[in-house]
Amino acid sequence: MTDSTVVFVNSGQPPPPYIAQPVAPPVAVVMTGPVGSEPIIMACPSCRHQIATRVERAASSKTHIIACLLCLFVCWPCVCVPYCVDSCNNANHYCPNCNAYIGSYNF
Numbered sequence: 001m002t003d004s005t006v007v008f009v010n011s012g013q014p015p016p017p018y019i020a021q022p023v024a025p026p027v028a029v030v031m032t033g034p035v036g037s038e039p040i041i042m043a044c045p046s047c048r049h050q051i052a053t054r055v056e057r058a059a060s061s062k063t064h065i066i067a068c069l070l071c072l073f074v075c076w077p078c079v080c081v082p083y084c085v086d087s088c089n090n091a092n093h094y095c096p097n098c099n100a101y102i103g104s105y106n107f
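58 is the number that UniProt numbering gives to position 58 of the sequence shown; each next residue is one higher, with no gaps.
The hints are simulated quantities; they were obtained by calculation from the structure and are not laboratory data. Here the structure is a predicted model, which is why all the values come from computation and not from measurement. Hints should not be assumed to be uniformly reliable.
Between beta-carbon pairs, the in silico distance windows are [unchecked claim]:
id	residue 1	residue 2	range
1	Y83	R48	34 to 40 Å
2	R48	A20	26 to 32 Å
3	A52	L72	36 to 42 Å
All C-beta atoms in this analysis are idealised placements derived from N, C-alpha and C, irrespective of residue type, glycine included.
Please model the entire structure based on the sequences and the hints provided.
So this is what it looks like as C-alpha cells:
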C-alpha cells in the first residue's frame, strides 16, 4: 500500500470572496377549499382577516338556456324564474373587507 497525501499549494492569491445570496422571505400560501352557493367562514387569502364571504349572484349560460327552453315550450310567463332563483345562478364569493375575489360556485 502506498501512502498518498494531497497537498494544496497556495499561489499567493487570496481566496475568492464569499458572496452571500439574498434569501427571499417565506411566503404563506393559503389554500381555500371549494366554495358553495352559500357564504362560508374562512381566512381571506389577501388581507388574512377571518371573514364570512360576500356572495354575488350572476346569471350563467345555463340560466339563459333554461329561460329559452321555458319560452320555447309555451311557458313564456315563467321565463324570468331562472333569473330570480339563486340556485340557477353562479355564486361569486368576495371578501367583504378588501373586496378580493375568492372563488365561484358554478350552477
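Going through the hints against the structure:
1. For Y83 and R48, the Cβ-Cβ distance of about 36 Å falls inside the hinted range of 34 to 40 Å, so the restraint holds.
2. Restraint check, R48 to A20: a C-beta distance of roughly 31 Å satisfies the suggested window 26 to 32 Å.
3. The supplied range of 36 to 42 Å is met by A52 and L72, whose beta-carbon atoms lie about 40 Å from each other.
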